[in-house]
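Colleague: Sequences listed follow chains E and A, in order.
Taking the working numbering, the leading residue of the first sequence gets 8, the next gets one more, and so forth.
Taking the working numbering, the leading residue of the second sequence gets 8, the next gets one more, and so forth.
These are computed hints drawn from the structure, not numbers from a lab.
C-beta: ideal position from N, C-alpha, C; glycine also.
There could be a bad hint or two in this list.
To be verified - To be clear about the criterion: a stretch of chain E counts as covered by chain A if any three or more of its residues have a C-beta under 8 angstroms from a C-beta of chain A, and this derived list gives those stretches: (1) 66-72; (2) 101-111; (3) 269-277; (4) 296-307.
The chain contents come next:
Protein chains: 2
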Amino acid sequence: MRATTIHAPFDMRVEDVPDPKIQQPTDAVLRVLRACICGSDLWAYRGEAAREKGQRIGHEFLGIVEETGSEVGGLKAGDLVVAPFMWSDGTCDYCTEGLTTSCVHGGFWGSVGHDGGQGEAVRVPHADGTLVKLPADAAGDDHLLTALLALSDVMGTGHHAALGAGAGKGKTVAVVGDGAVGLCGVLAARRLGAERIIALGRHEVRTDIAKRFGATDVVAERGEAAEAAIRELTGGQGCHSVIEAVGTEQSMRTAVNITRDGGAIGFVGVPHGSGTGLDLSVMFDRNIALRGGVAPVRTYIPELLPDVLDGRLDPSPVFDLTVGLDGVPDGYKAMDERTALKVLVKP
Amino acid sequence: MRATTIHAPFDMRVEDVPDPKIQQPTDAVLRVLRACICGSDLWAYRGEAAREKGQRIGHEFLGIVEETGSEVGGLKAGDLVVAPFMWSDGTCDYCTEGLTTSCVHGGFWGSVGHDGGQGEAVRVPHADGTLVKLPADAAGDDHLLTALLALSDVMGTGHHAALGAGAGKGKTVAVVGDGAVGLCGVLAARRLGAERIIALGRHEVRTDIAKRFGATDVVAERGEAAEAAIRELTGGQGCHSVIEAVGTEQSMRTAVNITRDGGAIGFVGVPHGSGTGLDLSVMFDRNIALRGGVAPVRTYIPELLPDVLDGRLDPSPVFDLTVGLDGVPDGYKAMDERTALKVLVKP
Numbered sequence: 008m009r010a011t012t013i014h015a016p017f018d019m020r021v022e023d024v025p026d027p028k029i030q031q032p033t034d035a036v037l038r039v040l041r042a043c044i045c046g047s048d049l050w051a052y053r054g055e056a057a058r059e060k061g062q063r064i065g066h067e068f069l070g071i072v073e074e075t076g077s078e079v080g081g082l083k084a085g086d087l088v089v090a091p092f093m094w095s096d097g098t099c100d101y102c103t104e105g106l107t108t109s110c111v112h113g114g115f116w117g118s119v120g121h122d123g124g125q126g127e128a129v130r131v132p133h134a135d136g137t138l139v140k141l142p143a144d145a146a147g148d149d150h151l152l153t154a155l156l157a158l159s160d161v162m163g164t165g166h167h168a169a170l171g172a173g174a175g176k177g178k179t180v181a182v183v184g185d186g187a188v189g190l191c192g193v194l195a196a197r198r199l200g201a202e203r204i205i206a207l208g209r210h211e212v213r214t215d216i217a218k219r220f221g222a223t224d225v226v227a228e229r230g231e232a233a234e235a236a237i238r239e240l241t242g243g244q245g246c247h248s249v250i251e252a253v254g255t256e257q258s259m260r261t262a263v264n265i266t267r268d269g270g271a272i273g274f275v276g277v278p279h280g281s282g283t284g285l286d287l288s289v290m291f292d293r294n295i296a297l298r299g300g301v302a303p304v305r306t307y308i309p310e311l312l313p314d315v316l317d318g319r320l321d322p323s324p325v326f327d328l329t330v331g332l333d334g335v336p337d338g339y340k341a342m343d344e345r346t347a348l349k350v351l352v353k354p
Numbered sequence: 008m009r010a011t012t013i014h015a016p017f018d019m020r021v022e023d024v025p026d027p028k029i030q031q032p033t034d035a036v037l038r039v040l041r042a043c044i045c046g047s048d049l050w051a052y053r054g055e056a057a058r059e060k061g062q063r064i065g066h067e068f069l070g071i072v073e074e075t076g077s078e079v080g081g082l083k084a085g086d087l088v089v090a091p092f093m094w095s096d097g098t099c100d101y102c103t104e105g106l107t108t109s110c111v112h113g114g115f116w117g118s119v120g121h122d123g124g125q126g127e128a129v130r131v132p133h134a135d136g137t138l139v140k141l142p143a144d145a146a147g148d149d150h151l152l153t154a155l156l157a158l159s160d161v162m163g164t165g166h167h168a169a170l171g172a173g174a175g176k177g178k179t180v181a182v183v184g185d186g187a188v189g190l191c192g193v194l195a196a197r198r199l200g201a202e203r204i205i206a207l208g209r210h211e212v213r214t215d216i217a218k219r220f221g222a223t224d225v226v227a228e229r230g231e232a233a234e235a236a237i238r239e240l241t242g243g244q245g246c247h248s249v250i251e252a253v254g255t256e257q258s259m260r261t262a263v264n265i266t267r268d269g270g271a272i273g274f275v276g277v278p279h280g281s282g283t284g285l286d287l288s289v290m291f292d293r294n295i296a297l298r299g300g301v302a303p304v305r306t307y308i309p310e311l312l313p314d315v316l317d318g319r320l321d322p323s324p325v326f327d328l329t330v331g332l333d334g335v336p337d338g339y340k341a342m343d344e345r346t347a348l349k350v351l352v353k354p
């Protein structure tokens, strides 16, 4: 089969690789119908996260089960399924508690020796615990498939951030970060009943999506000017709930400074650097909580799925460029240069 | 009247100061029956927190109302009351929500122009919002008065930490810090139903109190050795809930490293330095939350008071040295040299 590999920074290739086979009785093999490129894939692309030469990549995909191992009970060939961005056994203490990202048998797509999502097929470890069945007729609905694909990462991650930030009825929510996760954070906050949603961003294409997703206000300023603008919008108090979907020291500092006393930051931006952007004295004096991390999207899919199926939740607008498998390297380039927000891959 | 003043680092005096008088119609004047010295007072004592020459000090006290301003409705002369460590109006948005430490009219005892608790009397701003009435007959019960005094700070602060850490039924709780707040954190965790409470500490007098308060395990090691010991006690997983009652980079690092995936740190140690002790990558990968800050003890007093009155909650053992007002400078010396855990003052 053909799959995307990374050979060096900025050197993405699509090449022939061995067909995936069942290796463990709990495996399944899945034919990929839709995959995509994640903002976090760019860290590998830019050489900021180390990869071995020829390593696979891609952690967001959905497709059709082709084959199952002898111990797979809940799935059969022909099932349409979506994969979360990590696999998990579904039975350990952490999985039982819903923290599938801490599964004792969990792992990442594209790690050494494992398939990635940006290819024609994927061997899925712990298939029963990992994959979530979708209605078979969704396979024929192009728009719906795209929306469902977002459940593999960005929609669940936005939901995790919104939960961590305590977004809900009557709350004012700010979203730091105008990437696909931040935009899904807007959607999630609206879904959870937030009264007011302030999106920070200066790229009109993205802030337009934020408004479409439910943002009531857009703040285009940055740094201290953004903080001042948000204080003015909130009667000087700041926001109950702040979604941090960037992961830099500066974005964390902004998040702390725009949170209302007693409020919370839901952080899902992969942290670059330590906690030096967190002024603990400010957090202490104002009782600001920090919650979040790598999102256990496997747990959230069953909750979010019905809303996506009936159209109430539609994250599909975050995909603004579609490529075939051979176009994946161009897709990376487009996302790196910010000419694309999120790239959909149809193998 | 006589009151404690601070003139320079290590220069505490007890001297004549003007008698407090009603200045605002919302004031009360309170005659102090019991006060005490807080670990956080030591930062001023050691010169690590700046004070003006002659500034008052002490933020934990209870006593008898002597006089009330014309707009004070809920209190009258002769009432026995306890004061939380900050005053608050009881009516602003934050007070209504229970975050009395963020009160828009709030302030600290002993700040410039205000009385401190380590004296014969105190002018109390916003008396209706600040003071909590106690049963009159408690005034004659020496042991009970001491226990009630802990409601002004350490017991409520320990409770805040335990709530922030998510302590509760079935949870394993670790307590970093063997001072009065950490010990009250043990009491609070037990009160909230924690299954297992691991106290970190090497001073036997203190760990004995921790055991009396409900600690099921004591870890005397420090740093990485303590982390290893706790991992061994918890089947390699760490603790659901960690109370951080120190505030240094090292203690925060320990707290992060002993928290179970998906768990929470309740931090109430006044932070020294920024968030550099917080490894955000670890917190992200393992979904560790950080919650806490300056404790809104005014909000907690009504909840904790019945338990103290009926003896189910008795924080009084944290007081291990009693002095009169003239003995306050010696009390500071004893706490600074760690020969006393917490000093009770009977003016």
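Colleague: Hints first: check each against the structure and report whether it holds.
Modeller: Now for the hints, and whether the structure bears them out:
| no. | hint | verdict |
| --- | --- | --- |
| 1 | 66-72 | violated (count 0) |
| 2 | 101-111 | holds (count 5) |
| 3 | 269-277 | holds (count 4) |
| 4 | 296-307 | holds (count 7) |
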